[in-house]
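We have chain C; now place chain H onto it with these hints.
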Amino acid sequence: MVEGLLLGIENMFQPIPLLILFAATLIGFLGGALPGISGTMLVIILLPISYGLDAIPAFILLTTIYASSVFSGLISAILFRTPGTPEAVATVLDGYPMAQKGKAGQALGIGIFSSVTGGTLGVLCLIFLTPLLASFALSFSSPEYFALAVLGLTVVVSLSGGDLIKGFIGVALGLFIATIGMDPMTGAERFTFGSLELLSGIDLIPVLIGLFAVSEVLRKSKEDHTIKQQMQKFKTKIFDSTIFNRIKGTILRSSILGITIGILPGVGATTASMVSYSEATRWSKNPKEFGTGVPEGIAAPESANNAAAMGAMVPLLSLGIPGSATTAIILGAFVMHGMQPGPMLIKDSPDLVYTIFISLLLVNLLILVLSKPFIRIFSKIMKVPYKVLGPFIVIFCVIGTYAVRNSIFDIWIMLLFGLIGFYLDKMKFPLAAVILGLVLGPIAEVEFRRGLQMSSGDFSIFFTRPISAVLLGLALLALILPLWSKFRKKRKATS
Amino acid sequence: MKSNLVLGVITILFSVFFLVIALQIPDSRTSTIIGSAEWPTIILVFMLIMGILQVIKTILESKKSAIASDENTDDGEELPQVEGRANEGLKGSHWYILIAMAIYVALLQVIGFLFATPLLFLFTAWLLGMRKKMMLILSTVISTVIFVVLFIYVLGIPFPRGIGIFHTLSFWIY
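Quick mapping for you: the protein sequence lines, in order, are chains C and H.
For the first sequence, UniProt numbering begins at 1 and goes up steadily by one.
For the second sequence, UniProt numbering begins at 1 and goes up steadily by one.
Misleading hints may appear alongside valid ones.
To be verified - Result set (EDC-like, lysine to aspartate or glutamate): computed pairs, CA atoms no more than 20 Å apart in a straight line:
#1 Lys2/H <-> Glu38/H
#2 Lys248/C <-> Glu279/C
#3 Lys428/C <-> Asp163/C
#4 Lys489/C <-> Glu279/C
#5 Lys103/C <-> Glu279/C
#6 Lys101/C <-> Glu289/C
#7 Lys426/C <-> Asp163/C
#8 Lys64/H <-> Glu289/C
#9 Lys486/C <-> Glu279/C
#10 Lys2/H <-> Asp425/C
#11 Lys347/C <-> Asp54/C
#12 Lys347/C <-> Glu10/C
#13 Lys63/H <-> Asp163/C
#14 Lys222/C <-> Asp425/C
#15 Lys101/C <-> Glu3/C
#16 Lys490/C <-> Asp163/C
#17 Lys57/H <-> Asp351/C
#18 Lys248/C <-> Glu189/C
#19 Lys428/C <-> Glu61/H
#20 Lys2/H <-> Asp163/C
#21 Lys489/C <-> Asp163/C
#22 Lys486/C <-> Glu61/H
#23 Lys490/C <-> Glu38/H
#24 Lys489/C <-> Glu61/H
#25 Lys486/C <-> Asp163/C
#26 Lys347/C <-> Glu3/C
#27 Lys372/C <-> Asp240/C
These aren't lab readings, by the way, just hints derived from the structure by calculation.
Extracted from the complex, chain H is given alone in its bound form:
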């Protein structure tokens, strides 16, 4: 219930913010009947209306369920549980993976693909529950070899080489 309300409010704020910006887009209606700003404006106004409806609906529903809270209205079909058990090996939350990926992207331009990728692999594998040192090192080395051979040698993707010494070192490999 709360998340639905948050969704509605965010939708309203989002659409109002961009509506203000949309109104500042220079009108270039000289060449076309509908200018550059009209289409986004239509979408954002529509989004705003839906955001308001979402808030109204959530409030109405919460009032209704407060009145008839003991009534079970769920008539949906029963589906099996798809979610797995909680990962016991995982420490912390999804934020760690996301932050690790963000740091990786930032590092890509500094130390290059060749050195940043094993670090990300090592960290995510550890985070997801791989604790044996031998296993961690082995899988990191193997995976890096796979990535280098597949994406650099076979597919020729020009990954960032980093700067300074990392730039120089990367030429040893590709």
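Chain C extracted, bound-state conformation:
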């Protein structure tokens, strides 16, 4: 591992990677702070640019933007009560009241400090866990991979929004879309209706861009996100020892919670920040003070969301299973660059994986250094209205889709899923479930069929092998737990 890290440092400290790291951090800041562009959207927009780069600069670009945009959503959340990204929604609860009290600088300082601490702890976990998990996964064979895919799918269903049936419909839709095209094992055509384009299947990127970016443009086009308030005068103070003593426990707990939630497949930083906020309320001696502008109320969501964003990279880099929507896009980018994330990735391309690790560590350092000057100039650029951003996003979506395989057909697919995403989102449908279904579908199917071939058709192979049995047991648990807690709530309510 040490060798790998040294290799990563060597790769990182070259002019072009450093330049990209620097630029990507600032782009991430800007996109994250501007309400109307989320981190997911930003990574989607920059996807076509990453196609033209070599693998190492491309992934420095994408992962850096991903990490820095998760952080910067807090700026507009605290100053204007408008979270710049969904990850910062919970930060509004205490951040804005604190700023209202004239302590905007302190609130931002707590946010920056918590984000950097959470993020750094997240990266350290990422560095230690990825090689461990990958080498453990090397002993997996078909039944284990199938069980892992099932676990991923059930976790996303049980954690995304609480509506199990909708989650399952979403997963099933994703799994079904994945079957369109040529059967990977026999070559038979499935649901192609004789179309040559459908024969090679529906690509992940058009569906992702449609569901997450186009649908958002359609939704946002009806709203005005321009910040019209004036910024009050303040001085950001990142480290304050009395406040640090007060929030250090919260930061540590929330970071661990965030990393754990991030590692779980399908749920990312947004869920982590909300769960962490409500957990911090539960742990607090004065839960009533939350919502009035307490430091813990900023520290909890901000350390958790940055930690979770890093945690979500663990299953991606070690198992090839994305932990969130944005990491699913990064997975797509790996495939575009001719790599398949999985246990072999760290063996085959250690330089790339360790460079990503180092760049993520450096991003957190850059956040600490650059966030203060950025906030100062942010007041001048935050007024970019959606009428300027919107058209750019629309055209970037089209180009990003087209450039994957130079196919006009893919743009149609993107538009179709944009429309589907727009309506599904209105129904509070978990879109991440569809994506996970689509990503894990081919893995689940091929390993399921191979597993049965290994056992000559005996289904018990999935339950008799210990690792596979444990994973399937966890999957079952992931489904029973929410049902059980609902049942208990109901019984409490009736008694």
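Here is chain H on its own, set in the frame of chain C:
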């Protein structure tokens, strides 16, 4: 409530439609134990069951809420409003953007990337509320230059050139 019912019904219709097609996939079980059709069939049957459950659940819930409509069961945490104000500059609905994008894709093969892209930019910018003529023209020209330099010169993406005169003209640029 209504949208939940619609979701359930669409799920049922979708899964039944594709189940019928799945059953027609030629069985090629000679080489593998599980054939090409089985896996999609399992998924679609599962989807069908979930669709039916969704309909049942929605109906049961609507009955329950009709009985106890005055009871407030929402115990979720209060989260701040993330949605922005209604965009006053926008005329019509999201359909306009979607249709504009569809027309753009169709036009791509006829007039090519070079001429279709400024049109789409101009229209969406206008639709989203940019009304000053100078601003519209300027941002369209600047954005097109950015797209051409970045995606055609730097990244070398082979965009459609269109047909006829547009094809010829495009060679002046790339």
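Here is what the structure says about each hint:
1. Lys2/H <-> Glu38/H: violated (33 Å)
2. Lys248/C <-> Glu279/C: Holds, at about 15 Å.
3. Lys428/C <-> Asp163/C: With Cα atoms ~9 Å apart, lysine 428/C and aspartate 163/C stay inside 20 Å; holds.
4. Lys489/C <-> Glu279/C: With a Cα-Cα distance of about 18 Å, the restraint between lysine 489/C and glutamate 279/C holds, given a limit of 20 Å.
5. Lys103/C <-> Glu279/C: violated (24 Å)
6. Lys101/C <-> Glu289/C: holds (14 Å)
7. Lys426/C <-> Asp163/C: The hint holds at about 14 Å.
8. Lys64/H <-> Glu289/C: Roughly 36 Å separates the two Cα atoms, so the pair is violated.
9. Lys486/C <-> Glu279/C: holds (18 Å)
10. Lys2/H <-> Asp425/C: holds (15 Å)
11. Lys347/C <-> Asp54/C: holds (19 Å)
12. Lys347/C <-> Glu10/C: holds (18 Å)
13. Lys63/H <-> Asp163/C: holds (19 Å)
14. Lys222/C <-> Asp425/C: holds (15 Å)
15. Lys101/C <-> Glu3/C: violated (50 Å)
16. Lys490/C <-> Asp163/C: holds (16 Å)
17. Lys57/H <-> Asp351/C: violated (51 Å)
18. Lys248/C <-> Glu189/C: violated (58 Å)
19. Lys428/C <-> Glu61/H: holds (17 Å)
20. Lys2/H <-> Asp163/C: Since the Cα atoms of lysine 2/H and aspartate 163/C sit roughly 16 Å apart, the hinted pair holds (cutoff 20 Å).
21. Lys489/C <-> Asp163/C: Holds, at roughly 15 Å.
22. Lys486/C <-> Glu61/H: Cα-Cα ~15 Å, so holds.
23. Lys490/C <-> Glu38/H: Violated. Lysine 490/C to glutamate 38/H sits at ~39 Å, over the 20 Å cutoff.
24. Lys489/C <-> Glu61/H: holds (17 Å)
25. Lys486/C <-> Asp163/C: holds (11 Å)
26. Lys347/C <-> Glu3/C: holds (13 Å)
27. Lys372/C <-> Asp240/C: Satisfied, since the Cα-Cα distance of roughly 15 Å is no more than 20 Å.
Against the hints set out earlier in the document, violations occur for numbers 1, 5, 8, 15, 17, 18, 23.
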